[in-house]
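Student: Here are the chains, one letter per residue:
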Amino acid sequence: AQSVTQLGSHVSVSEGALVLLRCNYSSSVPPYLFWYVQYPNQGLQLLLKYTSAATLVKGINGFEAEFKKSETSFHLTKPSAHMSDAAEYFCAVSGNNRKLIWGLGTSLAVNP
Amino acid sequence: GAGVSQSPRYKVAKRGQDVALRCDPISGHVSLFWYQQALGQGPEFLTYFQNEAQLDKSGLPSDRFFAERPEGSVSTLKIQRTQQEDSAVYLCASSDMTGSYNEQFFGPGTRLTVL
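Protein sequence lines, in the order shown, are assigned to chains S and Y. Under the numbering used here, the first residue of the first sequence carries the number 1, and numbering increases by one thereafter. Under the numbering used here, the first residue of the second sequence carries the number 1, and numbering increases by one thereafter.
Chain S extracted, bound-state conformation (with noise of 0.2 Å):
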């Protein structure tokens, strides 16, 4: 059975500061992991993915998340929050049955 938890449903940060999402996950095989985040009014779209490669994922936006088994965790960071990064974001697990298992994400809001 696989499970996502991400801490805090709201974050606000202010602009140009570093933005921490935090994600740990549940998986009794060896996990693919994925942010996305929504905008409103769109469609989930894709920031970055962890599959085994490398632990340390580099996505769009300048976002990254670092896979680290000890600890089950896969947190996404920012160096710098922009405005633009307000949004809805979800951590999600796959295992090998496909099917992307969600948390319950947390809204980013970017304070000027």
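None of these hints come from the bench; they were simulated from the model. Just so you know, even glycine gets a beta-carbon here, dropped at the ideal spot from N, CA and C. Wrong hints could be hidden among the right ones.
As the list claims (entries may be wrong) - If we take Cβ atoms under 7 Å as the criterion, some of the chain S residues that face chain Y in the derived model are: (1) Y32; (2) G43; (3) L44; (4) L46; (5) T51; (6) R98; (7) K99; (8) W102; (9) G103; (10) L104; (11) G105.
Unchecked claim - Derived, one-sided and incomplete: chain S residues facing chain Y with beta-carbon distance under 10 Å: (12) Q6; (13) Q45; (14) K49; (15) C91.
The hints should help you fit chain Y onto chain S, whose structure is shown.
Tutor: Chain Y alone, transformed into the frame defined by chain S:
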């Protein structure tokens, strides 16, 4: 190129009505997924197709939910005798491969409101 499209974007149904939600995946994509996203929640898996074969329907909440993809392209999610708890956004995603590590491309969703 064109992404995943879904129609209608919004649907209001009276309790007890049947509804049909359509998904047009990216052309040539083998895999197609349906998810249900309740307000304030993450998406929940409903069902998965590989071409026209429905390989996993473990997430369908009841026998009122039915999905098909007869020609391996367009898919329809049908909900019979809708209930208020069916109100949600229904998301369709497609992927060009069958591996669990492959990116799923999402449509904008259909927001279903059952009165």
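Student: Each hint needs a verdict: does it hold in this structure or not?
Tutor: Taking the hints in turn, this is what the structure says about them:
no., hint, verdict
1, Y32, "holds, 4 Å"
2, G43, "holds, 4 Å"
3, L44, "holds, 4 Å"
4, L46, "holds, 5 Å"
5, T51, "holds, 4 Å"
6, R98, "holds, 5 Å"
7, K99, "holds, 4 Å"
8, W102, "holds, 3 Å"
9, G103, "holds, 5 Å"
10, L104, "holds, 5 Å"
11, G105, "holds, 5 Å"
12, Q6, "holds, 8 Å"
13, Q45, "holds, 7 Å"
14, K49, "holds, 7 Å"
15, C91, "holds, 9 Å"
Violated hints: none; the structure is consistent with every hint.
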